[in-house]
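Trainee: Read top to bottom, the protein sequences are chains P and D.
Position one of the first sequence corresponds to residue 1 (my numbering), numbered consecutively onward.
Position one of the second sequence corresponds to residue 1 (my numbering), numbered consecutively onward.
Where hints are given, some of them may not hold.
Distance condition first, Cα-Cα at most 25 Å in a straight line; then the derived DMTMM-like pairs of lysine to aspartate or glutamate [to be verified]:
id: 1; chain 1: P; residue 1: Lys216; chain 2: D; residue 2: Glu128
id: 2; chain 1: P; residue 1: Lys92; chain 2: P; residue 2: Asp5
id: 3; chain 1: P; residue 1: Lys36; chain 2: D; residue 2: Asp48
id: 4; chain 1: P; residue 1: Lys66; chain 2: D; residue 2: Asp151
id: 5; chain 1: P; residue 1: Lys209; chain 2: P; residue 2: Asp223
id: 6; chain 1: D; residue 1: Lys192; chain 2: P; residue 2: Asp221
id: 7; chain 1: P; residue 1: Lys66; chain 2: D; residue 2: Asp195
id: 8; chain 1: D; residue 1: Lys82; chain 2: P; residue 2: Glu111
If you are wondering where the hints come from, they were derived from the structure by calculation, not from laboratory data.
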Amino acid sequence: MQTFDLAAEPLRDLNQNLHNQQPGTNDAGWEILNPKGSHAVAVGVNAPLDIHVKGNVGYYCGGMNKHGAITVHGSAGPGVGENMMSGRIIVKGDASQYAGATGRGGLLVIEGNASSRCGISMKGIDIVVGGSIGHMSAFMAQSGNLVVLGDAGEALGDSIYEARLFVRGSVKSLGADCIEKEMRAEHIELLTRLLDEAGMSNAGPEEFKRYGSARKLYNFDIDNADAY
Amino acid sequence: MSYRNPPTTPRKSATFDDYTLSEIRRAAATGIYDIRGGGAKRRVPNFDDLLFLGASISRYPLEGYRETCDTSVVLGTRFARKPIELKIPITIAGMSFGSLSGGAKEALGRGATTAGTSTTTGDGGMTEEERGHSDKLVYQYLPSRYGMNPDDLRRADAIEIVVGQGAKPGGGGMLLGQKISDRVAEMRTLPKGIDQRSACRHPDWTGPDDLEIKILELREITDWQKPIYIKVGGARPYYDTALAVKSGADCVVLDGMQGGTAATQEVFIEHVGQPTLACIRPAVKALQELGMHRKVQLIVSGGIRSGADVAKALALGADAVSIGTAALVALGDNDPRWEEDYNALGTTAGAYDDWHEGADPAGISTQDPELSKRLDPVAAGRRLANYLKVMTLETQTIARACGKSHVLNLEPEDLCALTVEASAMAGVPLAGTDWIPGQIRY
Numbered sequence: 001m002q003t004f005d006l007a008a009e010p011l012r013d014l015n016q017n018l019h020n021q022q023p024g025t026n027d028a029g030w031e032i033l034n035p036k037g038s039h040a041v042a043v044g045v046n047a048p049l050d051i052h053v054k055g056n057v058g059y060y061c062g063g064m065n066k067h068g069a070i071t072v073h074g075s076a077g078p079g080v081g082e083n084m085m086s087g088r089i090i091v092k093g094d095a096s097q098y099a100g101a102t103g104r105g106g107l108l109v110i111e112g113n114a115s116s117r118c119g120i121s122m123k124g125i126d127i128v129v130g131g132s133i134g135h136m137s138a139f140m141a142q143s144g145n146l147v148v149l150g151d152a153g154e155a156l157g158d159s160i161y162e163a164r165l166f167v168r169g170s171v172k173s174l175g176a177d178c179i180e181k182e183m184r185a186e187h188i189e190l191l192t193r194l195l196d197e198a199g200m201s202n203a204g205p206e207e208f209k210r211y212g213s214a215r216k217l218y219n220f221d222i223d224n225a226d227a228y
Numbered sequence: 001m002s003y004r005n006p007p008t009t010p011r012k013s014a015t016f017d018d019y020t021l022s023e024i025r026r027a028a029a030t031g032i033y034d035i036r037g038g039g040a041k042r043r044v045p046n047f048d049d050l051l052f053l054g055a056s057i058s059r060y061p062l063e064g065y066r067e068t069c070d071t072s073v074v075l076g077t078r079f080a081r082k083p084i085e086l087k088i089p090i091t092i093a094g095m096s097f098g099s100l101s102g103g104a105k106e107a108l109g110r111g112a113t114t115a116g117t118s119t120t121t122g123d124g125g126m127t128e129e130e131r132g133h134s135d136k137l138v139y140q141y142l143p144s145r146y147g148m149n150p151d152d153l154r155r156a157d158a159i160e161i162v163v164g165q166g167a168k169p170g171g172g173g174m175l176l177g178q179k180i181s182d183r184v185a186e187m188r189t190l191p192k193g194i195d196q197r198s199a200c201r202h203p204d205w206t207g208p209d210d211l212e213i214k215i216l217e218l219r220e221i222t223d224w225q226k227p228i229y230i231k232v233g234g235a236r237p238y239y240d241t242a243l244a245v246k247s248g249a250d251c252v253v254l255d256g257m258q259g260g261t262a263a264t265q266e267v268f269i270e271h272v273g274q275p276t277l278a279c280i281r282p283a284v285k286a287l288q289e290l291g292m293h294r295k296v297q298l299i300v301s302g303g304i305r306s307g308a309d310v311a312k313a314l315a316l317g318a319d320a321v322s323i324g325t326a327a328l329v330a331l332g333d334n335d336p337r338w339e340e341d342y343n344a345l346g347t348t349a350g351a352y353d354d355w356h357e358g359a360d361p362a363g364i365s366t367q368d369p370e371l372s373k374r375l376d377p378v379a380a381g382r383r384l385a386n387y388l389k390v391m392t393l394e395t396q397t398i399a400r401a402c403g404k405s406h407v408l409n410l411e412p413e414d415l416c417a418l419t420v421e422a423s424a425m426a427g428v429p430l431a432g433t434d435w436i437p438g439q440i441r442y
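Here chain D stands alone, though its shape is the one from the complex (with noise of 0.2 Å):
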């Protein structure tokens, strides 16, 4: 018998992995970059990598279904006439009428009202279908200024001046000609089928200064009535926390690079931004400094999956979250029901992000008629409410184990770390000691 040499198991880089190969490939063919919806998918440290500690000898929980643990929260109380009481913590994000169908923000609409919070416009102005749906509607005044116009400034209940967004701090948008339908179209001032650029910077401020008296100008057209957010993405989430308030905001929005958008380069995405969890505790430092924790209230977006996330981002000082992938999932994005037709877009359920395509089988991001007809904005609308009260009973069940009688109770100290990441990120020690990175502690 001849011998053969044992032969070396086929070795790919770890560098030039699959996808990094078929995305040098895909570039050489098309010579674009490539364009996705959805936020950051590398893994990130993140609230996974954080646990709660619970009650002990020191602390006493309070009794589940028993022992109230309130979860109600006020936003907009320091200049605004008339603030936004929420039932709950977590609020539907800002998502454009035109990346969505009309049956879409209608849904988004029927299920934070059921569930007693709000939901929010996106870059196209407002539809009859959210604000008709909508308790609560936050009016989002961004950039390009699509479909901007006073009356429904007024029929608002809360004005968010967007600076940034956690897929893209420091990028505009882009909806392509094939999502431009008639209705679109005439929403935003523009010829059918064109791509619509969304500017990166707005037209008529530049810095702190200039957007102090630019909303001064928005309180001064509603009457000083609306709550005023400020919504930036998780770039210097300490400076631009700071100097929002300083602005006169009463609310500031904060996105770290989890957090989707209709649309955007995944170069952008996925190397632009820090990760939700680094944003939150400079943040809310900013605020203490400043006197104003809990005065000029914090929103925080970005990859929020759970009940459980819920409870760390609060505990970590923020006052409220937002959802918007998570709330798109509970509508019925990336269903797997839907897998033929994942398949014949070269994708799969769980995988499709060609938001800005417009040919989403869920009938969510498209505003083609008969692919929108799969969304019954009803019963979308019911999955969400569902969704919520989960996460809302989640979040509660952590903050009685914790001993909290309002989830607005959680703090720091309800936390520990399970990487040294996260640890210092979150300000909170790794597990099993006493030691935060960064932190000298006697």
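The following block holds chain P by itself, in its conformation from the complex (with noise of 0.2 Å):
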């Protein structure tokens, strides 16, 4: 286990430090100490590093992590795991605004409530929030899972193409375009594994409602005018 001190050493050692990693690497675990709120913190890691961050971070923590597993121990700002290719990311409190934003693959996990825009334009990321999602979430989200075991705020799955949406709770309105579907056998198989994966399972799949796209405005329609 390798130690790196944030109020000590500057940030733009600590991620050049990870950057240095080889994939084969046989100290592949990591502790980062006092990040109070810092942003940028693990961002651009490209190799599949064990990393514990015991605070909360700020904007971007995790920011296009490659192959790494980080874990916040504490909650997150702004942009958390934002355009993910792979690995996983565990937040243990909150998180706040865009957590995932354009994430294109890894997982996730948010224990506890995530703000406004989660998942916005996801590529195809899972994302597990184990509380609530503020306002604007999934919006233009393409490809991927977001799954919500509390409520969805305003306007979810706004301008959706093809992610799929799991919410647990209530969902304050949907967005333009965003619907309720049929929850099949492949959704229940699909969410069993992703809430297992999250360490989740006590929640039932079968809880859940599924939201998409009615893919009414995925070519331009006069008609539609009023919904663009």
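Take the two lone chains, each set in its own frame, and fit them into one complex as the hints suggest.
Mentor: Here it is as structure tokens:
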């Protein structure tokens, strides 16, 4: 286990050190102390490292993560796991806006609540939120799965493409072109797997409702102008 | 003989001219606004409204072909560990694979590399064609984040955060379904054949304070090696430039309303944003007030056509220019050799702007395999390199005539304006006077 104290050394050295790690390293465990809300902690990780951030982080923690397993033992600021490619990020506390924005792969778990625009423009990532999410979540979501054990705010899935949304609680309102869809066996199977991977298998997949695209805005039609 | 009153000549309205009437009829028939490519077509004050003074008794010129006139520029000297060194102050603007064919992107890379300059990706990610053929490639970071990934960030030579573009400041993009081939769909993580909307705002930052943190993240991901540009449309150049500097940019790319787009509403292109000529001096003023002129480099684009335009942009304070539409024309866009095909599309060579429809007779703004074959990337790249060299020679010719041993030594004092409007916008005296509207000079 390697330890890096952000109170003693600069952020630039931390990320450079993480980037210098080779995929086959036998010393893949990292502990980051005193983040104290620092931005861009553990961004651009490119190896299967197991990183534990001991405290709260600011913007973009784990941004563009590839292969890394990052656990934030605290809460995360805006854009946690933005554009992540693969690997896993777990936030033990709450997350601010844009969690998992444009994420392409891997698993982002937020054990607490997430704020607005969770999963905005997601492109293949799986996001599991233990609590509730704010307004405009999954806006223009292209691909991937968003699972919410609590409630969803206004305009969920506005202008959504092919992402799948699963919400256990209430949805304040659905955005343009987002509709409730049938929960089929394949979705129960998918949900079971995601809840298990997120360590939240105490929630039953049959308790969720599925939401996705009505696909009415996929090609411009003047008669849909009111929805644009 | 009966007397006939002399008829009056039929008179068409200046307000309701033929184009306006045709647009009203088109809108009434289709129920949709007109979408097209390119930049503003209306006449706006531009570089043609400026003239160089040349040398005189008080300024002596350099000997053409004998005394050197340096054209090299270095971009990204503020923070980046690896700034970009270019042989010429003319770069190729961002244009996407998707809007352009793979062969066209390859040709842009070939031409730019031969001329010693950079080319730029677009909204759709980085292709092997352009990375492989571009010695220096700028990777655009756009609101859609189509194709964005850390590997391409690291193999780029610079990163350009696109906030806006001159054709549509405040607007997003739209790639219509007919151009979404399997490859384009895969790169953008969307189904084939659907309209692909590019957002007008970034998904994970809002405002200059957030932007500063976003730039920090990108620098940390790339170990502070890459220059980071911020591209803005010509909306509020003074404030946008100041805020880009505040946010930590290495370079500001400023795109006036003549700058092209692959597809946007005609009303947006013609009615939003400021002419390129009007944008440069406010941006330079912001840099000078912050003590950052020449430290944060300013790259100007939008309607640059010749070495004269390049020289004028540099004289007004830019460090480099960028070309898009002119580069496509050099490749073969709107070439009269395809006139019959243009006619079949209801247009004519020189006016074709339905780039979004994917039926480009020149094989440039298309994903149709057969049409794409019409463009030979090697020959087209050669034409672009020739054109860039001519522009560079022209720029040097003017700079030498003004007594400058480096093109960046050109200055506003080398210029005068032909119109009151251009004089006010460029901040140079009206020809034959020492008057600049709005300025008190003693």
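Trainee: Out of the numbered hints, which ones does the structure contradict?
Mentor: 1, 3, 5, 7, 8
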